Each structure stands twice: as structure tokens, then as C-alpha cells.
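Colleague: Spelled out, the chains give:
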Amino acid sequence: MSLLNVSRRSFLQGTAAGLVAGATGIRSAAAADVTIGIVYVGPRDDFGWNQAHATAVKALKTLSGVKAVEEENVPETDACAKSMESMVNLDSANIVLGTSFGYFDPFMVNLAKKYSKVEFRHAAPLWSADKHPKNLGSYFGYLNQGHYVDGIAAGLSTKSNKLGFVAAKPISSVLSNINSFMLGAKKVNPNAVVQVIFTGDWSLPVREAEAVNALVDAGCDVITCHVDGPKVVIETAEKRGAKTCGHNASQAPLAPKGFITGAEYKWETFYKAYATALGKGEPLPNMLAGGYEADMVQNSPFGAGATEAAKAAATTAIADLKAKKPIYVGPLKDNKGKVVITKTYDNLDPFLDQMDYLLEGVVGSIT
Amino acid sequence: MSGDSPFIIVLLAIVGGALRVSTPFMFVALGECLTEKSGRVNLGLEGTLVLGAMCAYAISFHSGSPWLGVLAAGCAGSLLGAIHGYVCKLPRVNDIAIGIAMMLFGTGLAFFFGKAYIQPSAPRLESFSLGAWTGNQQIETALQINPLLLVGVVVAIAMSWAFANTKWGLIVRMTGDSAPAARAMGVSVDMVRFLSTTAGGFLAGVGGAFLSLFYPGSWNQGLSSGQGLMAVALVIFARWDPIRCAFAALLFGATGAIGPALQSVGITQGYYFFNAAPYILTLLVMIASAGSKQAARNVPGELSITK
Amino acid sequence: MADIAEPMAPPMVAASEWRGDLSIRIRRGAEYVAIPLFALVVSAILFSLFLLALGKSPIQFFQLVHQGGFGTAFSIQNTLQRAAPLILTALAVAIPARIGLVMIGGEGALVVGGFASAAIAIPLVTGKASPMVALIIMAIAGMIFGALWVGIAGFLRYARGVNETISSLLLTYIGIATMNFFVEGALRDLTNPNKPSTMPIGDAYMVGKIPGTDVHWGLAIGVLLAIVLHILMSRTTFGFAVRVTGGNARAALAQGIPVGKLIVICCLIAGACAGLAGFYEVAAIQGRANASLVAGYGFTGILVAFLARHNAIAIIPVAIMFGGLVASGGLVQRRMDLPDATVLVLQGLTFVVLLVSETLYGRFKIFQPPITADRT
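Chains as they are written, first to last, in numbering that gives the first Met the number 0: chain A, 0 to 366; chain B, 0 to 306; chain C, 0 to 375.
Excised from the complex, chain A in its bound form (with noise of 0.2 angstroms):
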């Protein structure tokens, strides 16, 4: 299974990389109109995973011949199925992105199967060739490679040595934002440890706000996080006189004297891939996923609160990643003593999709 995975992911990130060199030098051979139907399922605005959705989004709509219908705040239920329905139907959408993790199963799946002519692709690495319909599919971004970034960066801006993260859930995605991201800060200061606070939800302004005050106060001088939207996070920690670390969206602003900086989805490169295929009556790839190295995540630019050193290793840290060098260098260990990754992975790996662990040098436990 994972052996069929790695070559189906290989063969379609070669495909990728070519879609999007494709969409970034002929932009106006957008002939056909498109229309593209989006779903989010928080307010557009949110500072976080929505708002960097919408903004590229917003990018796509500068193109001519394209058309992008938006609704916000829906939930993970058949309200989401009926939203989309609702576009192909009433608004002749002939694509429709789902961006919330709930959506595709059993939403997408069965839309799928009842619109074969309209094409539905999901933010999560889930789709299957074997499992799913053929115009169903996934893209992702491997945040992750932001958050080693972040790390590296951090390692190098703290004194305290202590560095907190404030996470929603302790689900895959997650836990492999927290290992990458202590990964990073270990590789530049073995002293480093990161804490992490669960929430225990998505948005919960009032308890992401008191997870930073218990991690300032458990000594943590760099706070990062992921939740939907950080605005609080980052707010409070600055006004606690922490550096911080960005998430989903650019939390610069708010942030002027203790930005490091922070990892960002480019969903520009997967939207305007897509568009452009759709204009020239391309088929679409199934799955369109990467990191660095394909230009679908990026940093922050540096705030106030990096040091030199830590630009610098940064700096240098995006462009082995962009060479494809691992993250997860083999073997280590969980945070209890078990080895759990046992050999060397490659960033892309499916391997690292299903972690359920937080690695040694992460303060905190999921269950």
C-alpha cells in the first residue's frame, strides 16, 4: 500500500511541477470561461487557513476567462454538500474546492459520483485512485516544511530555550506541524524544547489566549500555533512580550516587535494550476500535492523579533528543503522512548502522513 502510494505520488507531483510552470507562463491562454466554486468553512477573513485560501482565491479572479463563486462558514455537514451541489447547478461551476477536512468523506465522494462532468478537488490528502471517482482529487500543501522553517528560525531567536506551541487537536496534520516544527529548533539549538497546549477545538479565542498566557508563564519565550485562525494567539503573545511564530496565513502585521515569521500556504500555485487546465481543457491531476520544492508553501518575510543568525539559517534551511532534504532523519524517538521512525524519510513520504506521535523534545501528550 504505501509502496503504491509513493509511486503514485512521485508520478503526480512530475505531472504538478508541469501544470504549474504551465499556469505561470501562459496566463492568458485561459480561453474557455471557468467557473470555480469554493467552500470554506470559516469567515474569509479569519487572519488563518480560510484568508489563505480566499487570498489566493481573490489572485485567481484577476485572470480573464475565470469565475469564482465563494461561500463562507460552512460546516462540515450535507450543508456542505448542498452548498456545492447548489454551485454546479445554480452557478454552472465546473470545478468545485472543498477546503475544510470534513468535506470529502461522505460529502465530496458521493457529489462526485452523482456530477461526473464537474470536477470536485479536496485540501487533504485523501483521495485514492482505487477508492474514489476519477474527477475527484486532492491537493495539499506540506505546511509542515513551513514549520521546520519556523523552527529553525525560532531555535535561534529564543533565550529561554523553552518554546510553546498552542494546537487545536492532536490529529496527523498537527502533530506533524509540532515535530517539524521542534525538529527545526533542536537541528540549531539542541537545547530547545517545545511545549504544546491542546485546545481541544479549532477556534476557541478565550483558551488559545489562556494557552499562551500558561506557556509565557511556563517560561516559553517563542509561541507558535495551529489553530484556524491565530490572530489571538499571536496578538496575546506579543502583547506578553513573546516572539512568534505565523501559521496558514501572514500574521506580520500583528505583530511588530516579536515576528519571526511564519508558514504559509501558497494555494495561488494549485488554483491557478488548475484554472489553466480547465481553460485548455487539460485534464486535471488527482492529486497535486508538494512542499518547498514545488512552491506550495512559503515563509513569512522575517519580522522584528528574528535574529541575524536566525535569517540565515532559515534562509539556508528553505533552500535545502526546495533540494528536497529530509526533515525526518532517522531513527528517533517518541517523546515516551519507543523509536518510531525507525530510517530516514523523504519530506513527501506517506509515511509521515499518519504520525500519532510527538517526538522526543516535544513537551506534551495527545491523549
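Be careful, since some hints might not be right.
[Stated by the list, open to error] No farther apart than 30 angstroms at their CA atoms in a straight line, the calculated lysine-lysine pairs in the DSSO-like style are these:
id, chain 1, residue 1, chain 2, residue 2
1, A, Lys60, A, Lys133
2, C, Lys364, B, Lys88
3, A, Lys113, C, Lys127
4, C, Lys364, A, Lys60
5, A, Lys265, A, Lys186
6, A, Lys112, C, Lys127
7, A, Lys130, A, Lys116
8, C, Lys208, A, Lys112
9, A, Lys130, C, Lys127
10, B, Lys114, A, Lys265
11, B, Lys114, A, Lys66
12, A, Lys342, A, Lys185
13, A, Lys66, A, Lys133
14, A, Lys186, A, Lys60
15, A, Lys116, A, Lys133
16, B, Lys114, A, Lys57
[As the list claims (entries may be wrong)] Partial selection, computed: residues in chain B whose CB lies under 7 angstroms from chain A:
id, residue
17, Ala12
18, Ala157
19, Gln220
20, Gly221
21, Ala256
22, Gln262
23, Tyr271
Bear in mind the hints are in silico, worked out from the structure with no lab data behind them.
Predicted model, so just to flag it, every value in this text is computed and none were measured.
Quick reminder that beta carbons are idealized off the backbone N, C-alpha and C, glycines included.
Starting from the structure of chain A, add chains B and C where the hints point.
Modeller: For chains B and C alone, coordinates are given in the frame of chain A:
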């Protein structure tokens, strides 16, 4: 700093949490307490809180003065309170249902007009620390206090005193206990309730200002995760006593801080239940205190939720 | 709490007049239709002013609401699908309301009920039970746990005098935390690492659609249940005793009506309705239990019930109206570039106006029976 024992860290976090998180609860609970003392229930204070938070942020952004924002939040809150107070005097109109509808309406307005204010950064309220003399940075931050918290405490004391010692307090209590008795005394029951609901709305709006201008100190749609609703529960918990409302709000803030604080020292099992702690605690206290003669004596007789 | 029960003539009068005077029934029926319609028109006008003030076209808005909620076959099915859970959660509010309780814990009962059905499905599905049997057991589990959840609030009210509005709200938060605890812990399906959920029940075990439509069976069951409960409340001794208690609990006690028992039974029925809604969310929509069960249906149900004046039959059209509004919200967002909160504003406004219109009942002579002597 690293030498501190986990116990001290948790204790400080809980005290700090109580001081930080409790203020909106306190204001909404005091507002609701006033409204309920007059014999009416306003379940819509959640919407008032959210609208207050939005208005405070917007006005602070435009005017550059957070205190003007606080005032605007209070005015927006009293407007919603006034609508509630006015329509509930009409016969057959149910105050609880109107409250739920007003909650939706207030939240809707706040989200609608608040879109434009998610991105900009407004000036916030400043705080001062009661712990500056200790020279210990942790104690100093834990004892960070916003002037609004002090205002809340003062309001609680003043309200408690007014209920017991002033003519106005007596009128409000009498209206709440028995409308016919109040009418017999020549009191306009509708007017008293209208004013109490409006004033209650003002307080709840100010509570919202605290959320957006101090802690967590930003405006977004997920800002209040049910604090306004819970504050209504707090009033029952506090048995309609303003001073007890203030203490209940502090207790609530403290229980809310337990979850993150324990995680920060490495105790992470069952954080869902730590996060649900305030609700479980309230329910247990309600079960324990309900049915007692003491509780029965404090209930305003006209209140629809206790009939 | 007499004022929240449906303000109809005292039951005894109604019973004798039911078959007797058709014109009274028609007049009163007309009142129940005319006043809400009037209120809807008023709120439409108010909302139009709101839109005009913002420089948006109200005509376009209402056209879109029509198109998105009722205009096409797809829109109608969209509306009905969204109405399905609301009928059940509104019943969960309406039934306790008839006995004088304001129970707002439908959300918690839905979540706990849905979770219970998904949890009990795990051994059934792995043991390859027949789908029919499995679904029935799941539905029963959902109803029992939902009933328990609201039942606790009812029991506390009866045994300790704990205010049911607040306790049911608290129980909702506790219920959600309980579900999350299990879904992220003991009952988590580890093959789905990114969204903590229980094991999916699989297509073979899913509740199907009503033939010829895209709407699941929960709608039909909801309608059926609304009718059954309406009959229970209006035509049986039980319903009579409930309404007497709702009118005046002390008088009911004096007449020897077992008030405590009735309160608990009403709450159990209510919780079972919400739990059933949770079962359909799991078995017809999600296929598993996870945090998506917390979608606010329980809270919306409160409004539907109040707007339907706690009349089980009236809940059906009100839930459909509501479903239509929500269904068209997306279209409004997309076409008019209005934030999604627009529909919230319209809903809030409509509800306030509709609830205020309660005060108009009995004020218009045209709707009143010619002989008023029978009315007390």
C-alpha cells in the same frame, strides 16, 4: 523561573485566568441579575455581548479611543436591551423566546457589520498590575488587571447596596417579586422592567467590549464561545445576588484556566473534561443548592424561568 | 408558564366544539395563518429597508431566496433536507413546552444520541448484523441516550427544582465534551488520522433516500412523528393532563395529576426526538460520529418550536420555511456579495417580529367566535 514548582505555576495561572477571563462573565451576569431582579429574563445577552464586542472594536478603531469604544458597546447593548424590554411588555410575548431571537439578531448584526473590522487593529485598553511591587514577573503578569474588572467589582458592590438600601432597589425587587404588589404601590411595572433590561443590556455590551478590547483582545466571529449564555446560568448559580455574581464569575474564570494550566506543566489526560469543568461545576452546584429554602427565598417571584 | 403554551380555548370547550361549530374552527384557523403571514410581510419590509440602506436590492435578494430555497427541484430538495433535523429538534422543545418547561438541551441530546448510535454500530457492523436490524438498534440507542440526556434535566427539575433551561444548556456542553472525549480517545477510528471520528458504518448500513428524491428518510419520519405527537398532545388523556399541568401546575397537582411523572415523560419523549435526529445525522449523513454533529440544529430547533407555537403540526411548515432560508443563504452570499451573516440578520429579525406578533392574537374581531360566552 524554571525553578518554580508546577503547583505554583498552576496556581498562578488559575488566579491569573480568573482575573483575565472573568470580566465578561461578571458584566453579563450583573446585567442579567438586574434584569431578572425586575422579573424578566433576557436570554439574548449572548447576542448583546457579541454586538458589544464588535461595536467597541469598531469605534475604538475609528476614534482611536478604546474608552469611547466601551461606551459605544454599552449603548449598542442598551439598544438591544431596550428592544427586548419594550416588546416583552406586550401581552403574550414570551421573554425567553424573544431572548433567543434577539441573540440571533444581535449576533447577525455583529457579524454583518463586523466583517470590515476583522483585519484592522484597533487601540486596546491598557492594564496595570497589582503585583508590580513583588518584582516577580510571573506574579506581575498573573495579577494584570484591567480597569474594567474594577469597574465590574464596583458595579457589583453598588448594585448590591442599591438593592438593599435605596428606593430604586426596592422598586426593582418588588416588581420582580410581585407585579400586582408593585402596581398597587403605583409603580409602572413595564417601565421598571424596560429600564432594568436596558441597563442590563448596557452592562452586557460593556462585557463584550472587554472581550474585543482587552482579553483575548481582538474582534472575530468566534470571539464569544457561549460566554453570554453561561453568564445567564451564573445568575442562578449566584442566586440573584450581585456580589455572589462577581464571585461566581471569578470562579468560572478560574475553572476555565485549569485545562491549559495543567497542560503547561505536563498533565494532559482528559483535557476535554478539564475544559468542561465550568459546566460540570455549575450543574453540581445547582443540584446541591436547588430546592433549599435559602435558594427559594432569593428567587424573584415573577421570573418565568423559575415558575 | 401558561403563556408559552398554545393559547387555544380551554380543552374541554374545544373538545365539545370541535365537531360542533365549523365556523369557529375556520375563524381560529384563519387567525393562525393570517397573523404569521402579516408578521412575515412586516419583517420582509423591515429587512428590505435594511438592504436599501446598504445599497443592495431587496428585490434581487428575495428572488434569490426564492430561487435558492424553492425555485428549482434541486432547491426544494435542498430545503427539505435541511428541514429534516429541524422538525425533530423542534419537537424536542415543543413537547416539554406544553407542560411548561423551556428545554434548550436539544443540541446535547442530538449529539449524545448520534454518538450512541455510532458507538453501538461498531459491534453490529463488525459482527456483520443485517442492516435493517443494525439500523433499528442504532435508532433505539440514539433515542434512549437522547431521552436520558433531556430526561436528566427533567428529573432534576422534578426532584430538586433545578431550573431546566439552564441545566439543559449545561448538559449540552457536557454532552459535547463527552462525545469528544470518546471520539478522540477510546472509540477513535485510527484509520482516519486527521479527523477524530468513530468507525464509519459503511454504505451498506446507511439510511437511504426517500425514493425519487435526494432527501433522506429522516424527513418522512420527522413528519410522521410530528403528526403522532400532535395527536398524543391534542387527543389523548395524557396530552390533556400535560396541557392542564402546563396551564397551572399547582391546580394539576390538586386534581391528582402525577405532575412529576408527566414532566419526566415529556422530557424523555423530547430527548428521544433529538436523539433520533442525531441518529439520522449519523446514519443518513455522516456515516460516523464526530465533532460535525455539533452543527447547531438543536439551537435552531428552539426557534422553530417557538415560531410554531409548540404545535407539533405547525412545526413542519416552519421547519421547511427555515430550511429554505438557510438553503438560499449560500446563493445570496455568492450572487450579491453579502456576508453569510445576512441570513442571520434576516432570521433574527423575522423571529423577533413573529414572536411579537403573538400579541395580536385575539385582538381582531373577525377571527373571534361569534359567541364568546364559552371562552373563559
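Colleague: If a hint holds in the structure, say so; if it does not, say that too.
Modeller: Hint check:
1. A:Lys60 x A:Lys133: holds, 26 angstroms
2. C:Lys364 x B:Lys88: Satisfied, since the Cα-Cα distance of roughly 22 angstroms is no more than 30 angstroms.
3. A:Lys113 x C:Lys127: holds, 28 angstroms
4. C:Lys364 x A:Lys60: violated, 59 angstroms
5. A:Lys265 x A:Lys186: Between A:Lys265 and A:Lys186 the Cα gap is close to 25 angstroms, so the pair holds against 30 angstroms.
6. A:Lys112 x C:Lys127: holds, 26 angstroms
7. A:Lys130 x A:Lys116: Measuring from Cα to Cα gives roughly 18 angstroms; hence the hint holds.
8. C:Lys208 x A:Lys112: holds, 16 angstroms
9. A:Lys130 x C:Lys127: holds, 21 angstroms
10. B:Lys114 x A:Lys265: Holds, at about 24 angstroms.
11. B:Lys114 x A:Lys66: holds, 23 angstroms
12. A:Lys342 x A:Lys185: holds, 18 angstroms
13. A:Lys66 x A:Lys133: Holds - the C-alpha atoms of A:Lys133 and A:Lys66 are around 24 angstroms apart, at most 30 angstroms.
14. A:Lys186 x A:Lys60: Distance of about 41 angstroms is beyond 30 angstroms: violated.
15. A:Lys116 x A:Lys133: Holds - the C-alpha atoms of A:Lys133 and A:Lys116 are around 10 angstroms apart, at most 30 angstroms.
16. B:Lys114 x A:Lys57: Distance ~17 angstroms between B:Lys114 and A:Lys57 Cα, so the pair holds.
17. Ala12: holds, 5 angstroms
18. Ala157: violated, 27 angstroms
19. Gln220: Holds: closest Cβ of chain A sits about 5 angstroms from B:Gln220, inside 7 angstroms.
20. Gly221: holds, 4 angstroms
21. Ala256: With a closest approach of 6 angstroms, the B:Ala256 hint holds.
22. Gln262: holds, 4 angstroms
23. Tyr271: Since the shortest Cβ distance to chain A is 6 angstroms, the answer is holds.
Hint violations for this structure: numbers 4, 14, 18, all remaining hints satisfied.
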